[in-house]
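**Student:** Single-letter residue listing:
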Amino acid sequence: MKYAILKNNQTIPLAFIPELDYNSFRETIVLSLMK
Amino acid sequence: MDAKQPLPSFSKHNLVFEKFEREIHENFGIAYTDHPWLKPVRYPFNRVDKNSAVADYPFFAIESEELHEVGVGPIHAGIIEPGHFRFICNGEQILHLEIQLGYQHRGIEQLFLEKKKLFQRITLTENIAGDSVAGHTVAFVNLWESLCKYQPGGDLQLARTLALELERIAMHTGDLSGMCTDIAYQLGSAVFGRLRTPVINYLQSWCGNRLSKGLIRAGKTNFPFTGALADELNKMFDAYEKDFEGISEELFSLPSALARFEKTGVITTEQAATIGTVGMSARMSAISRDIRFSHPHDLYKALNHQPVIKHHGDVYSRAQIRKQEINQSIGYIRQLIQNLPENEHKDSLLVPSANSFTISMVEGWRGEICHCAITDDSGELILYKIKDPSFHNWLAVALSVRNNEISDFPICNKSFDLSYCGHDL
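Just so you know, the protein sequences line up as chains S and Z, in that order. Heads up: the first sequence runs through residues 1 to 35, numbered per my numbering. Heads up: the second sequence runs through residues 36 to 460, numbered per my numbering.
Just so you know, the hints here were simulated from the structure itself, not pulled from any lab data. Every value quoted in this text rests on a predicted model; they were computed, and no experiment measured them. Heads up, some of the hints might be wrong.
[Unchecked claim] Calculated pairs, PhoX-like style, for lysine-lysine (alpha carbon to alpha carbon, straight line, at most 25 Å):
| # | chain 1 | residue 1 | chain 2 | residue 2 |
| --- | --- | --- | --- | --- |
| 1 | Z | K255 | S | K7 |
| 2 | Z | K85 | Z | K422 |
| 3 | Z | K336 | Z | K422 |
| 4 | S | K7 | Z | K422 |
| 5 | Z | K54 | Z | K39 |
| 6 | Z | K54 | Z | K422 |
| 7 | Z | K381 | S | K7 |
| 8 | Z | K420 | Z | K150 |
| 9 | S | K7 | Z | K336 |
| 10 | S | K7 | Z | K420 |
| 11 | Z | K184 | S | K7 |
| 12 | Z | K152 | Z | K422 |
| 13 | Z | K422 | Z | K150 |
| 14 | Z | K248 | Z | K270 |
| 15 | Z | K255 | Z | K381 |
| 16 | Z | K74 | Z | K39 |
| 17 | Z | K420 | Z | K152 |
| 18 | Z | K420 | Z | K39 |
Based on the sequences and whatever the hints tell you, model everything.
**Tutor:** Right, dumping it as structure tokens:
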């Protein structure tokens, strides 16, 4: 499972979000927020 | 991707996704297989199915000679926001409540894309929900400063933290007044009601507006927090606390009030976790959800915030949380204003980063406020998504009244005090 980790109020380049294509969404969690 | 292609629903695995999938279906036309019921959420102006209308909302119905339906709103007896509540009752007992919203939709997310000036966008933010100006504006400015790679100084962080906690105190006090009204406890209604006034009047003396409109700005402030304002704030709380503790003692020891509060409008921990409540609506059922604790920003990192947790999920728990959070917020404010940071003059904001994604979360007085933005290759916004805590929590109101008397609906509703316009956007 691929995921991008970012903090509250962090900006990340879109390229770091693996596959915004919804068809592979089940294999991808777009974001996980860490403390 | 092709919007006509149906997609599997997450809702059958986790009900927390249920309303989000309805929203995506309404906004983009994407159909989900296995979703329980893809009902309209807020009838946005730019919804895909223009034939879908407020008057045609598909309420859940039960056919029975023993049951009757009661419709309340969208125009209400008290001066509150419009929303429709459809009860299915057996005599006085509520079997089911369905809440239909959308009457307060203004198209704010779309306006964020159409209005290009920062001042226009902050004005939009201030008007998402008038009782959560500080909550939404802090979420927006934190997001915008992150996009512009700007780090606010200690003075700006102090102002934002103070504004959030003052808004929390003001709204919790007003809610305790409203809850007293709904159980016909006139003394509590009057005293808590008038106690909200000095708090919001303080905001007016600080920034000229009782709801803190104009106070929070990205990259700057037009109303620096001074030593004189700190003295005024301490004096205000000295007077406030005396009367607040007095009336709280009266309310929480009054048998007739407790009889109305206790075991009324219960949401179990399991229900709250299943539907994904946030903020107070989670903490009253023993679920620790508080952005000040989980994802601290501004001066919350220094405060080491500990959420107030209650366990019974009833009206009494929601009243207790408010009382204790008021005490907690006053303590935080007094602590923060002991040593004021220097007013830092920093460089101006840069242009927003191109091809970027930003998320910003704040603990408003109701719960988690979330703003997200995506920019294109020139740094212009192509998407702005706003999530008010009420988006999660309205279902909790509907569940809380089951098997209660319909005469307890007002106190159940008021004990949550959710936002119609925050939900409808």
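**Student:** When the structure is checked against the list of hints, which entries are broken? Sort them ascending.
**Tutor:** none
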